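Letter by letter, the chains look like this.
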Amino acid sequence: MKKEETVKLISAEGFEFVISKEAAMVSQTIRNMLTSPGGFAESQRGEVRFPEISTVILEKICQYFYWSLQFVNGKETDHFSLLLGCNFHEYLMSRR
Amino acid sequence: MSTPKKRNFQIEAFKHRVVVDPKYAEKTWKILEHAIREIYNHNASGLSFEELYRNAYNMVLHKFGDKLYTGLVTTMTMHLKEISKTIEAAQGGLFLEELNRKWEDHNKALQMIRDILMYMDRTFIPSTHKTPVHDLGLHLWRDNIIHSKKIQTRLLNTLLELVQRERTGEVINRGLMRNITKMLMDLGSSVYQEDFEKLFLEVSANFYSVESQQFIESCDCGDYLKKAERRLNEEVDRVSHYLDAKSLTKITNVVEKEMIANHMLRLVHMENSGLVKMLVDDKYEDLGRMYTLFRRVPDGLSTIRDVMTSHIRETGKQLVTDPERLKDPVDFVQRLLDEKDKHDKIISSAFNNDKTFQNGLNSAFEFFINLNPRSPEFISLFVDDKLRKGLKGVSEEDVEVVLDKVMMLFRYLQEKDVFEKYYKQHLAKRLLSGKTVSDDAERSLIVKLKTECGYQFTSKLEGMFTDMKTSHDTMQGFYASQGGETTADTPTLAVQVLTTGSWPTQSSSTCNLPAEIMGVCEKFRAYYLGTHTGRRLSWQTNMGSADLKATFGKAQKHELNVSTYQMCVLMLFNNADRLSYKEIEQATEIPSSDLKRCLQSLACVKGRNVLRKEPMSKDIGENDAFYFNDKFTSKFYKVKIGTVVAQKESEPEKLETRQRVEEDRKPQIEAAIVRIMKSRRVLDHNNIVAEVTKQLQSRFLPNPVVIKKRIESLIEREFLERDKVDRKTYRYLA
Numbered sequence: 001m002k003k004e005e006t007v008k009l010i011s012a013e014g015f016e017f018v019i020s021k022e023a024a025m026v027s028q029t030i031r032n033m034l035t036s037p038g039g040f041a042e043s044q045r046g047e048v049r050f051p052e053i054s055t056v057i058l059e060k061i062c063q064y065f066y067w068s069l070q071f072v073n074g075k076e077t078d079h080f081s082l083l084l085g086c087n088f089h090e091y092l093m094s095r096r
Numbered sequence: 001m002s003t004p005k006k007r008n009f010q011i012e013a014f015k016h017r018v019v020v021d022p023k024y025a026e027k028t029w030k031i032l033e034h035a036i037r038e039i040y041n042h043n044a045s046g047l048s049f050e051e052l053y054r055n056a057y058n059m060v061l062h063k064f065g066d067k068l069y070t071g072l073v074t075t076m077t078m079h080l081k082e083i084s085k086t087i088e089a090a091q092g093g094l095f096l097e098e099l100n101r102k103w104e105d106h107n108k109a110l111q112m113i114r115d116i117l118m119y120m121d122r123t124f125i126p127s128t129h130k131t132p133v134h135d136l137g138l139h140l141w142r143d144n145i146i147h148s149k150k151i152q153t154r155l156l157n158t159l160l161e162l163v164q165r166e167r168t169g170e171v172i173n174r175g176l177m178r179n180i181t182k183m184l185m186d187l188g189s190s191v192y193q194e195d196f197e198k199l200f201l202e203v204s205a206n207f208y209s210v211e212s213q214q215f216i217e218s219c220d221c222g223d224y225l226k227k228a229e230r231r232l233n234e235e236v237d238r239v240s241h242y243l244d245a246k247s248l249t250k251i252t253n254v255v256e257k258e259m260i261a262n263h264m265l266r267l268v269h270m271e272n273s274g275l276v277k278m279l280v281d282d283k284y285e286d287l288g289r290m291y292t293l294f295r296r297v298p299d300g301l302s303t304i305r306d307v308m309t310s311h312i313r314e315t316g317k318q319l320v321t322d323p324e325r326l327k328d329p330v331d332f333v334q335r336l337l338d339e340k341d342k343h344d345k346i347i348s349s350a351f352n353n354d355k356t357f358q359n360g361l362n363s364a365f366e367f368f369i370n371l372n373p374r375s376p377e378f379i380s381l382f383v384d385d386k387l388r389k390g391l392k393g394v395s396e397e398d399v400e401v402v403l404d405k406v407m408m409l410f411r412y413l414q415e416k417d418v419f420e421k422y423y424k425q426h427l428a429k430r431l432l433s434g435k436t437v438s439d440d441a442e443r444s445l446i447v448k449l450k451t452e453c454g455y456q457f458t459s460k461l462e463g464m465f466t467d468m469k470t471s472h473d474t475m476q477g478f479y480a481s482q483g484g485e486t487t488a489d490t491p492t493l494a495v496q497v498l499t500t501g502s503w504p505t506q507s508s509s510t511c512n513l514p515a516e517i518m519g520v521c522e523k524f525r526a527y528y529l530g531t532h533t534g535r536r537l538s539w540q541t542n543m544g545s546a547d548l549k550a551t552f553g554k555a556q557k558h559e560l561n562v563s564t565y566q567m568c569v570l571m572l573f574n575n576a577d578r579l580s581y582k583e584i585e586q587a588t589e590i591p592s593s594d595l596k597r598c599l600q601s602l603a604c605v606k607g608r609n610v611l612r613k614e615p616m617s618k619d620i621g622e623n624d625a626f627y628f629n630d631k632f633t634s635k636f637y638k639v640k641i642g643t644v645v646a647q648k649e650s651e652p653e654k655l656e657t658r659q660r661v662e663e664d665r666k667p668q669i670e671a672a673i674v675r676i677m678k679s680r681r682v683l684d685h686n687n688i689v690a691e692v693t694k695q696l697q698s699r700f701l702p703n704p705v706v707i708k709k710r711i712e713s714l715i716e717r718e719f720l721e722r723d724k725v726d727r728k729t730y731r732y733l734a
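Residue numbers (UniProt numbering), protein chains in the order written: chain X, 1 to 96; chain S, 1 to 734.
Hints listed in this document are in silico derivations from the structure and should not be mistaken for laboratory results.
Every value quoted in this text rests on a predicted model; they were computed, and no experiment measured them.
Among the chain S residues that face chain X by a calculated CB cut under 8 Å, a handful are:
{"no.": "1", "residue": "Ile39"}
{"no.": "2", "residue": "Ala44"}
{"no.": "3", "residue": "Tyr57"}
{"no.": "4", "residue": "Asp115"}
Glycine included, each C-beta is placed from N, C-alpha and C at the ideal position.
With these hints in hand, go ahead and build the complete structure from the sequences.
Below, the structure written as structure tokens:
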């Protein structure tokens, strides 16, 4: 996978997950981070740091992204909230 | 959701960090405020979206949404105030560009701010019914930039000036204009309307009011319309390039009103270039332009239509009442057709085939054709001319075209029964003299008349055709019964048996037929009455024709085609070389007026003078003497000696026909009255007149006085009675 097609998600502990942009953009918030005009640090470096998300949870989140990409086709389900608690869902999945 | 296995499963609430720091909100907001400033300064690259988003998220989550929102409003307002200063400082032409650039910056910044404040936008704002971030940004821009004292009027004036410059032919930066007007539209349609459109329309109205006044003083109608059209197109173009599409109707209305509606009458009536002149000169392009422009304004088309209609009426009236024109009926009708063609073409090519215009044209024709009481006669004569010779060698389709045109004129006639009268006469002459060019054309016209006026109208005409056909069969039968007895010496007879009533009745004035002919005639009479018992035959010698073989001086043989009367006269010369007028009259018993005409055509027409007259003069006198003209020569073998054919009627004939028409109308009017009264039982006078007129108008326009007379006659004959109380009301007596 080309570097431009990936994004690096970094957990609170500094653990790095490199996943495809497409999967990451399942989250509307990450999509905003990467596409907002004006060039925030994230879109320039191609990485997002989550100082408040632990490695374990971020891993689950990344799994969810791929799962969602494959099965949900962009539609949100409640599974994620069940899995991780509403908070992260709110945080990451908020829509315009 | 269907979860079959329901477990007591509780999700623990996410444990927030308990905010202990009392300055937490203040600190977090400082970070965000700083970020907003950096965003406006194009310095966002150092900022972490995640951090900002998380901070805003946490602020809202920790019930500091209000602080966040008010902070945003204050910060943005402050920035916009600064921006407004730099825009104000921009000099002259740079003003708009600066405004545009700052607007783009603001939009971009606004987008970024909205993105990082997404969580607030999504949760806090709807629940507190505040303005969403994007709209807030636009409102603040509107209030602080567009409505700032130093910018508001300057912006408006700059825009209007640019439009004005473009109108006077300069090229302006349309892209910039488009961006600015787009900005005004983005800020809300009311901003666009209040801050630009309203005054734009006012200024435009003034501009076009002044300009149209100048144009109308200096241009002719065609040029003016061209200019107006161009202006209109320019405005349409302008709207499509840099104004709101909703402005289109507004600005075109302004142009239409100022340039067209306000000067409509003056344009139409412009001396030497107005509508009438265009119509006369067939200026299709100018007329088309006038039509499309005038169509845009109220009453525009009716103005054109009225002027056109009255123009056609006027010219038509001149045409039909010009005594010069009355001399040649064929030319007269041809001119009517030409006039119709001309205007049809104008309507189809310039007036979009507008139905109302066609109706106007039709009503105008109806009006003036009926101004001349001889129109029905002339139209029939025109047909006669066409069917005699005019259509020779013309293709079937062209014949149809001519006939259709004739039918169109016929439709305009009010006195269709008069036409029928004349048509019958002319048709009779054509049929009897065998002069008709095309049987198909004749029948086609009859069919057309039938579809137009119904069976009754043409039944007699069709009867005439049937007579011709049966006569043909009868003659074949006759000769077959004679068994080939005819030799070269006995004359060949062709009889047409005409049903009384179907054919125009003419005062039957029989003459003495030559003995040779009498013989054959009697044979025929015997044959005919033998096969058809109970009938009566009388000879209509005034309608027949004959072919004579004659030998002249130097053994020159000719075949002479003459009328029956002429034949009778010429046959006399078989036994005499000289005959006086009196002798001829005595021998033939032809009525004197007919005899004079017939002798005139035998003796006085050069090239056809088979008789010689003494004394030589143009007119026939009672004391003239006639000689067989030995010296007659002609380069043709067949010589046609025509009595004057279907000419238009002389004054007394005209009166006679008129009288006959009036007579024929009486029973029709009576029939109509009885029909109406039978169904209505009781009706007052005015209504009867109206109903009768309506019923009969497809044939003629009955005169109310005549209707009254007919009613009186019907009362006398006890079909009707007057009401005893109301004398104006009639009752039907069954």
